[in-house]
Amino acid sequence: MLEAFIENHVLNQILRQAKHVLDAEQRVNDMKVKQEFAYYSLNKAEKAFESLTNQQLELLKPLVSIKNEADFNHYKDSLEPYCIPFQPTTDAQLKKLFKKAKKLHPPHLTPDDFLHLTYLSWYDKGSMKKFIVRELEGSVKGLSGSFVPSPQNGICHFCHHMGAVGLFTVDVKTDTKNHNYKALSNYICQDEANCNAHITDTEKLDFLFDYVRGK
57 MLEAFIENHV LNQILRQAKH VLDAEQRVND MKVKQEFAYY SLNKAEKAFE SLTNQQLELL
117 KPLVSIKNEA DFNHYKDSLE PYCIPFQPTT DAQLKKLFKK AKKLHPPHLT PDDFLHLTYL
177 SWYDKGSMKK FIVRELEGSV KGLSGSFVPS PQNGICHFCH HMGAVGLFTV DVKTDTKNHN
237 YKALSNYICQ DEANCNAHIT DTEKLDFLFD YVRGK
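Numbered by my numbering, the letters in the sequence shown go through residues 57 to 271 in order.
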């Protein structure tokens, strides 16, 4: 039986290519051009993985046959069983990750929600902090920082999507002995679910975690 092998951000990459095929089907008249573009898009989807088995390749292949919205939705549904869910976190785990926080108010998520997460996050209005949880190297890591919603739309540092953002700032200790800190700030999505629905790579997100951990 084929095991789950698609991470959320990779699923977003695949579906972006599938959407391109659907758009081309609706806007391009030349059949040859549409077919070539469909296979080009499939190739890009396949390159989101380091390697693929024949079974996995077969699962992705129907991307080239998308002709309408129903085909797109059917293709999306066919991938769902093979998505790797985000590791659910317990209250005890979160308290261990964020020891300095007096109270934590993580979102209540369904199993389906965890299926579409690259990272878990929430904003606490009382402390004006945003908390981010990410699975790295087989374990759950967390970081928090101040978050100031912006009155203007902008591009998210994580998902590169235009929308409602806020300035997320983390203080990184640079000198333990003298208690020196350096602030690192980036604009990220206000809506965590929206960000998880658009993120197609984890480079910027993982860099932030590595930077905070001093890697």
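Be aware that one or more of the hints could be misleading.
Simulated pairs of lysine-lysine, PhoX-like, Cα-Cα distance not exceeding 25 Å [claimed, not checked]:
| # | residue 1 | residue 2 |
| --- | --- | --- |
| 1 | 155 | 197 |
| 2 | 159 | 197 |
| 3 | 132 | 103 |
| 4 | 123 | 159 |
| 5 | 75 | 117 |
| 6 | 229 | 152 |
| 7 | 88 | 123 |
| 8 | 123 | 103 |
| 9 | 197 | 260 |
Derived from the structure by calculation, the hints contain no laboratory data.
Of all the hints given earlier, name the ones this structure violates by number, lowest first.
The structure conflicts with hint 4 only, although it agrees with all the remaining ones.
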